[in-house]
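Asker: Based on the sequences and whatever the hints tell you, model everything.
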Amino acid sequence: MAEASTPETRITLPVARLLPREERRLVRGHGWAYRNEFAELPPLRDGDVVRIVSNTREHLGVGYFQEEGGIAIRLLALGSERFDDDLIRRRVERAAGLRKKLYAGHPVYRWIHGDSDGLSGCIADRYGPLVVVQAESPFYRARAELLANAFLAEDGVTGVLFRG
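Quick note: the sequence shown uses our numbering, first residue 292, plus one each step.
Everything labelled a hint here was simulated from the structure, so no lab data went into it.
A couple of the hints might just be wrong.
[Claimed, not checked] List time: in silico SDA-like cross-link candidates among lysine to any residue, alpha-carbon distance up to 20 Å:
| # | residue 1 | residue 2 |
| --- | --- | --- |
| 1 | 391 | 444 |
| 2 | 391 | 421 |
| 3 | 391 | 448 |
| 4 | 391 | 446 |
| 5 | 391 | 423 |
| 6 | 392 | 377 |
| 7 | 392 | 380 |
| 8 | 392 | 448 |
| 9 | 392 | 405 |
| 10 | 392 | 376 |
| 11 | 391 | 427 |
| 12 | 392 | 445 |
| 13 | 391 | 420 |
| 14 | 391 | 428 |
| 15 | 391 | 401 |
| 16 | 391 | 440 |
| 17 | 391 | 416 |
| 18 | 391 | 451 |
| 19 | 391 | 407 |
| 20 | 391 | 408 |
| 21 | 392 | 419 |
| 22 | 391 | 445 |
| 23 | 391 | 449 |
| 24 | 391 | 381 |
| 25 | 392 | 420 |
[Claimed, not checked] Per label pair, the in silico range of CB-to-CB distance:
| # | residue 1 | residue 2 | range |
| --- | --- | --- | --- |
| 26 | 312 | 396 | 43 to 51 Å |
| 27 | 447 | 315 | 37 to 45 Å |
| 28 | 349 | 407 | 22 to 30 Å |
| 29 | 427 | 348 | 29 to 37 Å |
| 30 | 361 | 320 | 15 to 23 Å |
| 31 | 443 | 397 | 15 to 23 Å |
Note that this is a predicted model, so its numbers are computed, not measured.
From the three backbone atoms N, C-alpha and C, an ideal C-beta is built for every residue, glycine too.
Answerer: Here it is as structure tokens:
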């Protein structure tokens, strides 16, 4: 088991170890790892948070497990980036800053583009004061309040609707 720091406490995360050379895509910033790329994948439930290490046990990042499909783990924090509950707020704020530059004065746009904004498996669209979020993973369902509060903290947002 590996440990990850959070503001509240220290928690132990299960460790998923990749096969030799399968870390190359992740090191370049790819947002997920496929099931067939792992030498060791501990027993996990859909949405569980897991630490990914290389075959030589070098820490690569933290992500969440996905039961269905070929993608096993969607990464959220790469390398030494801090993984905690505040990660969602930081990503939403970063995406908001970029969208304010790209869409200045326009209240309708795609706010979160999944992997491109560091929230793999999550899509969010802004329609003026309303944000519509599509994030089917149990990881995001368990953090729906964190997501909603991150969007509601932005100027002009008065409602968040979750779909899927």
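Asker: Compare the structure with each hint and give your call.
Answerer: Right, here's what the structure says about each hint:
This hinted pair checks out: residue 391 and residue 444 have alpha carbons roughly 14 Å apart, not beyond 20 Å. With a C-alpha separation of about 16 Å, the suggested pair residue 391 and residue 421 falls inside the 20 Å cut-off, and the hint holds. For the proposed pair residue 391 and residue 448, the alpha carbon gap of about 13 Å is at most 20 Å, so the pair holds. For the hint pairing residue 391 with residue 446, the CA-to-CA distance comes to about 11 Å; that is within 20 Å, so the pair holds.
Our distance criterion of 20 Å between C-alpha atoms is met by residue 391 and residue 423, whose separation comes to about 18 Å. Only pairs whose Cα atoms come within 20 Å are accepted, and residue 392 paired with residue 377 is rejected, the gap being roughly 23 Å. Distance check on the hinted pair: residue 392 and residue 380 sit about 19 Å apart at the alpha-carbon level, within 20 Å; holds. Restraint check for residue 392 and residue 448: the C-alpha separation of about 17 Å stays at or below 20 Å, so the hint holds.
In summary, the hint linking residue 392 to residue 405 is supported, as the alpha carbons are separated by about 19 Å, within the 20 Å threshold. Of the pairs offered as hints, the one joining residue 392 and residue 376 is violated, with about 26 Å between alpha carbons and a cut-off of 20 Å exceeded. Straight-line distance between C-alpha atoms of residue 391 and residue 427 comes to about 26 Å, which puts the hinted pair past the 20 Å bound. At most 20 Å may separate the alpha-carbon atoms for a hinted pair to count; residue 392 and residue 445 meet this at roughly 14 Å.
Only pairs whose Cα atoms come within 20 Å are accepted, and residue 391 paired with residue 420 is accepted, the gap being roughly 14 Å. Annotation: proposed proximity of residue 391 to residue 428 is violated, straight-line Cα distance about 28 Å (limit 20 Å). A threshold of 20 Å between alpha carbons decides the hint, and for residue 391 with residue 401 the separation of about 11 Å falls inside it, so the pair holds. A threshold of 20 Å between alpha carbons decides the hint, and for residue 391 with residue 440 the separation of about 19 Å falls inside it, so the pair holds.
At roughly 14 Å between alpha-carbon atoms, residue 391 and residue 416 fall within 20 Å of each other, so this suggested pair holds. Restraint check for residue 391 and residue 451: satisfied, since their Cα atoms lie roughly 19 Å apart, inside the 20 Å limit. The suggested pairing of residue 391 with residue 407 holds, with an alpha-carbon distance near 16 Å, which does not exceed 20 Å. Proximity of residue 391 to residue 408 is assessed by CA-CA distance (about 14 Å); at most 20 Å being required, the pair is judged to hold.
As the CA atoms of residue 392 and residue 419 are separated by approximately 16 Å, the hinted pair is consistent with the 20 Å bound. Distance hint between residue 391 and residue 445 is fulfilled; the C-alpha atoms sit about 11 Å from each other, no more than 20 Å. A C-alpha spacing of about 17 Å is found between residue 391 and residue 449, which places the hinted pair at or below 20 Å, so the restraint holds. With a C-alpha separation of about 15 Å, the suggested pair residue 391 and residue 381 falls inside the 20 Å cut-off, and the hint holds.
For a cut-off of 20 Å, the pair hint linking residue 392 to residue 420 stands: about 18 Å separates their Cα positions. Judged by the Cβ atoms, the range 43 to 51 Å given for residue 312 and residue 396 holds: they are separated by roughly 47 Å. Take residue 447 and residue 315: their Cβ atoms lie about 42 Å apart, and the range 37 to 45 Å holds. A beta carbon spacing of about 25 Å between residue 349 and residue 407 agrees with the range 22 to 30 Å that was offered as a hint.
At about 32 Å, the CB distance of residue 427 to residue 348 agrees with the hint of 29 to 37 Å. In this structure the supplied range 15 to 23 Å holds for residue 361 paired with residue 320, their Cβ-Cβ distance being about 19 Å. A C-beta distance of roughly 20 Å is found between residue 443 and residue 397, which places it inside the suggested range of 15 to 23 Å.
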